[in-house]
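Trainee: Chain by chain, the residues:
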Amino acid sequence: MTLTPLRPEHAAASRGGSLVPWVTAVLLPTAGVDGLGELVRALRAQRQRPDALVVLDADDPAEVVAVVHRALGDWAVPVAVVERAAGASDRAAVGSWLRAHPVRSAVPTDAETSEPRGLEASDAPHEVLEVTDDLLWLLPEGTRPESGALAALVDTWRRSPSTGIVGPKHVRRDTPTRLEAMAIRVTRAGRVVSRPVPGEPDQGQYDRDADVLAVPMAGALIERSLLVELDGWDRAAGDLGGDLDLGWRAQTTGRRVVVAPSARMRTEPGRAVALASTPSRRRAARRVALTRAPWWQEPLIATWILVSGVLSSLALLLVKRSRAAWAEFADLGALNPVGLLGARWRTRGIQRRVRPRHLSGLFAPSGTMAARVVDEVHDAVVPPRAPLGDRSRAAPGASLRHRLGSNPGVLAVATVLLATVVAARDWGTGILRGLDVGLVGGELTGGTARAGALWHAWVDDWAGPGLGGPADGGPHLPILAGLARLVEALPLVPTPTSSGGAVVAVLVFVALPLAAASAYLSARVVTRVPWPRAAVAVLWACSPPAVAAVAEGRLGALVALLLLPPVAAGLAAVAARRATPTWASGAGLATAVLGAFAPALAAAAVLLALLLFAVRRGARGNALILAVTPLVLLSVRIRDLVAEPALLLQGPGLLAWGTPASDPVRLAALQPGHGSVAALAVGALIVALGVGGLLRGRGWRAPQTALGVLTLVGVAAALTVARVSLGVVPEGSSAAGEPLRPWIGLFLLPVTLVLLSVALLGAAPDGRVAGPARLLVGWRQVLGAAALAAVGLTAVAGFPGTLAAWRDPRPALAVEQSAGLLATRTLFVTADGTGTTYRLLGREGADLVRSAPVDLRSDQAIADGVVALLADADPTVVGVAAIDLIGLRVPAPPELAARLDGTAGLQEIAGRGGWRYWRVTPGDQLAERPIAPPRLRLETGTTAVAVAANGSHAATDTQVTTNEPARLVVAEPTAWSRSAVVRIEDRVVAADPTADTPTYAVPAGTHRVTIEVIDSERWWHLATVFLLGAAVYLAVPAGRRGARTRQGS
Amino acid sequence: MRAPVAGILRVLLVAAAGAGLVQLSATNTVGLDVGSGASRPEDAVTGQTLVSGAGLACSGAELTGIRGVRNIDQTVSVRAAVPPASLLPKAPGKGSLQIAVGDAEATVTTRDETASARANSAAAVTVSGSGGLAPGLAADQSWVLDTATIRGLAATPCGRGLTDAWLVAGGGGVGHLERLVLANPSANPVTALVTVHGTSGLLTIDGQSVSVPAFGRTALLVEALAPGEKAPAVHVTASGAGLWPTLTDTWLDGLDPQGADTTRAGAAPARSQVIPGVVADGDLTLRVLNPGEGEAVVSAAVVGPEGLVPIKGNAVARVNAGATAEIVVPGLTDGTYAVRVTADVPVVAAAMGGHRRGAGGEFAWAPSTVGIDGLAGAVLPAREGLTGTLALVGGATPARVELTVVDGATSRTRVLPIPAGATVAVPLAGAGSVWVRPLDDEPTVHAAVRLTLGAGADRLEAVLPLSPTVLTSALGQPTAVQ
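Chain order of the listed sequences is L and B. To convert, note that position 756 of the first sequence is 755 in numbering that gives the first Met the number 0; the numbers rise steadily by one, no gaps. To convert, note that position 445 of the second sequence is 444 in numbering that gives the first Met the number 0; the numbers rise steadily by one, no gaps.
A couple of the hints might just be wrong.
Chain L regions said to be covered by chain B (calculated; three or more residues, Cβ under 8 Å) [to be verified]:
(1) 691 to 698
(2) 857 to 871
(3) 900 to 913
Derived by calculation from the structure, the hints in this document are not laboratory data. Given the structure is predicted, the values throughout are model-derived calculations rather than measurements. Even glycine gets a Cβ: it sits at the ideal position worked out from N, Cα and C.
Work the whole structure out from these sequences, hints included.
Mentor: Set out below in structure tokens:
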């Protein structure tokens, strides 16, 4: 409410009537007297000068007086110099002075004052409440009022009798166009909102904010009487907290706190005005909010502070804004109950004249803080803009479609995608069902594998298909499990039947385009010129090993296709001392993932990193990060590698089953097998480009020399691996008995990458290579033509292998019972004249991809039972292995089919897909029996009841009821009991040592039965997951921008 | 333009080194075996594993068990044995051999013992061997009746379930009574469809569907399915593990019993059929069924010890589709013959011979057999006065067989040459079982045992074809795979 009109700009202050208050400027020098004179001169320059000056100073009063006198010049104003207690803060000093001089007689006449002029004695020192026009203008050191500041403050004060405190606008002393502070804005929970943000340009955007909760003490005009009534600042609240508390209490007593934007103070940043720059200040603000809140709101606000503080700090931590996160977390210190009680005690007795809800308009809305956190996250996550030269050459302001359409990387990926679609024409559209059920063909074995199954295959001591065995889950399983879980959680997408299979299918479908994208992005380490990078990316995706890897479903090689370029780029960046720790962490993480799928390549990368650590000064830290990250993350696997070094050459889909040793000449043409003419042409093209690239380096110190050596090392390694045999192909494969070898294509990938890197180096214009510009242009054209030829040849030739959507060979009934509570298995028998093989298929799916030969000792242990079933019609094995269905591959010896036909409890059902099936129905004469031999059954002398099995390998958590002592029989091998814990009512029970299958005594009654397959390396696994999270955290390009960018990288 | 000397040298050096590596690898073929992969198990090879279980079904007392038909008391002797261990490809282990007749069981556990049991009820008899007594298991049942209405000697092998069986026997008009017994050797019920063919073709369009319980049997009267048919042939198709069918033919001519016999299913339809062990003393009747859909032209040849026997009369017949026809070969002297049947389409055949003695007589049906491929054997009935003669017939070329005759704990094995186009008879006096294994690759030898009880005109005759046995499993040692 405006009661007084604004005074004209240059109108002098008049002392007449009560409208012109008495203003005492309280000067608060703290660090010597240098700034004091300047401050006094600023007061002298005011359009409305203060009526008295009080200097509260701890230094030599004589010197202060001298300085003041010099500054006053001809200005006759009462001045008092008061010595403040040593170490007392500004607020404490003002408080002390005020308590001694609660009324206008404040300018003392005692001994501390030296030569005061125009001293005015107080005529009514104890009538504080009646003197409402006595104002104090608080001026700490570091701030200097502009000439109209006091006049604006006074005018603002005069406009409303309820105004008790008026604050100025603080602008930066050196750049007055930028704001430093205005009001103190907090949320209801006491979170300080930096509004304006210090340094923000002053465009008058905050000038409409009149009523505020509090203002900083610096430059504030405060009624003396109000300050006396409120007993000054709360000493324990500190500077910011004290100011906030003072303003809040003033508002509570019915006095307004307003900001006068036209009153400008030139303030040194971080000196005069207390901002929320330290944890203690923020905590103090929180405490003020808790203290000032009604008692019944205090627990709610405390809870909110706790929850929002934790969540905010976690979110900030997640994006690597650790300092901001710590600041958020440190706010929780405000919840100290002792401090809160103390604050309430000290400020007791305040007469509350305004209801708390009437102050709601003065608080910053809580949404502003959420917006602030979002801004922090955005700032941390969104990468810095790339330099202009690296962006698309599309015209600025072009549409997104145009920019995408002209981006070489996008075009390269699109071209390879198109080539993939054309090359996969023989697979048919039915292949798309693989997105639901997975793929089969080549190295892909198919099967139903959900995230949980894949995870348990990794962690459980007893895992694997069929009857399982001591687990040897590869490190790729948790990665597949994580991706499968992601697929299962996708909204608006039906959960695939086999989420793990779907992940592999997606990878197969888009491996080549993704490989192109990966190569394009990674090639930035060689050159930023986009078109040669795009050409090389296309050549990488169309290289013979890449195409063969897709056609044969070689998962490990597919992952290598994606990760080898960034790993190599990381190594190159480290070697060139251009890598940041974040980059090195990312490359280390990529190496670790690569090691989970293709350990040989990861080992090579780690060796190179260690070599850099040893010989490359200035790159040792990052080289060590790159080397250590995969070693730590794969520590479990490394232990296995030490025990069985041959694992180094294996991986999912990385074995050649029964193929002869590769021809060295073909290997030199980058052919992993008997490639087509098109593959030979593409391989020769890449080799030729590599050789051409070698030609283009200037001098022996050019990087081409090192890459040439690397090429030779890669070729030598590939030729050596081609001679390696890892044993023989086991039964069940058409190549049984033939040598088992590493897939040589994997080892051709590094050679291909190095050759393409050399070729790309030849196209780099940034001075790394020599050669006349004319030739340079020609080389780029050669690269482009080669890429087009490669993609065309790949598309025309098609994929050499055939993949198809996996189809469960079991009838729906068996699939349902396998996945259901009975958890039954199907026994597949093949007797084709070359031998008899059998396979158990249950809910525990296979590894989706053929890896090393599986340890099938458990399955082999029931061979006699299978013989008894097939030859003697003895169905004992069906109960032992929970077999509910027997499949016989046709054609089969008639006697086998006849035997199965004649076996008690077997009933033939409709066959399909080249299999005849017999369903198992229990043939015993028990009063109660399950409909099929279940995985878990509760047997008494007269009954056999199925017990629900929820998890893999009989894991369960269920209730059983029996009227008499019973036996819990588990259809797993005897050795399983050493890897599982069976609890009945939380009591661990031991297996009957005399039983042929794991059997446990169950007393009469209703019991909770839990069966858990042990993870004896639980801590290893947990540590690995934790370390993986840490590695991801370190590798995420978030946080302060300076930490994740480096000039030239 | 300055020549990139370093680049050229670099290319040359890398190319030379690369070529050297390739050349070195091409000339050095030494492999590096660093794996620990399992080698292929030796026992994965098929056929080297002895079967560990075998089960046969016998018809039991065939003259009982048909509702509405008077049961005839009879005692059936069932005998089962396994060949000497020397005839097996591998040394067998321990085992047991069991004959189950209803709830009664007869068990032997030693190889040189012959298990025997008696059955007189309308129940199937099961013979099972396990472990070392499973390979080569053979069994048969026999009975003798000499009553006012039935007189005859019958001997039939016990066998595994068949899903498609052709039985040619019976008929001849008034006084003939044919009983079809379907025994189920398996633990599951089996459904069968029985159809009867006659001289006019298929007599039962839809056939007779019957269900045979597990380890049980079902008996039918063929006369009821095809009344009055003089030359019937029965076709049995069964589901699942199949059935072991036998057809028992009794002939009462007025008040004079003219003989009785039980026959098993013959060989599957083929354009060439061989019927060994045909007993003839006078007429020999060859019955041929043409199961196809076109007319068949069938010719018959009778083979004796001296070779082909001249046939008086027409040895060629036309057989309509789905019909039976008979060729009667008259005037044969008392002896054991073999009959060769040749047709332009697959046919089924059996022969009946015998003798008449005044008002009475005896006959024996001999089914066609498949050539012996592997070890075939027969367990001879143990009856006083019963003599057996092994009748073998070869093909167009000479052949050799390994003949083993087991008498108690002793066995005698010898190589027996089989001349081309002639029969060979080997007396089996005192033998408990006889085992024949060809020494040639081609399965051209057929064999049956002629059983004779008594002598002269009162003698009783029966023909017991040698049954193929199973020694090894088609499974091999199974291997678990993934």
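Trainee: Has the segment 900 to 913 of chain L got at least three residues whose CB is nearer than 8 Å to a CB belonging to chain B?
Mentor: n = 8 at 8 Å, threshold three: holds.
Trainee: Are three or more residues of the segment 857 to 871 of chain L within 8 Å, CB to CB, of chain B?
Mentor: holds (count 10)
Trainee: Examine the segment 691 to 698 of chain L for residues whose CB is less than 8 Å from any CB of chain B, and state whether their number is three or more.
Mentor: Check passed, 6 qualifying residues.
Of the hints listed earlier, there is not a single one the structure fails to meet.
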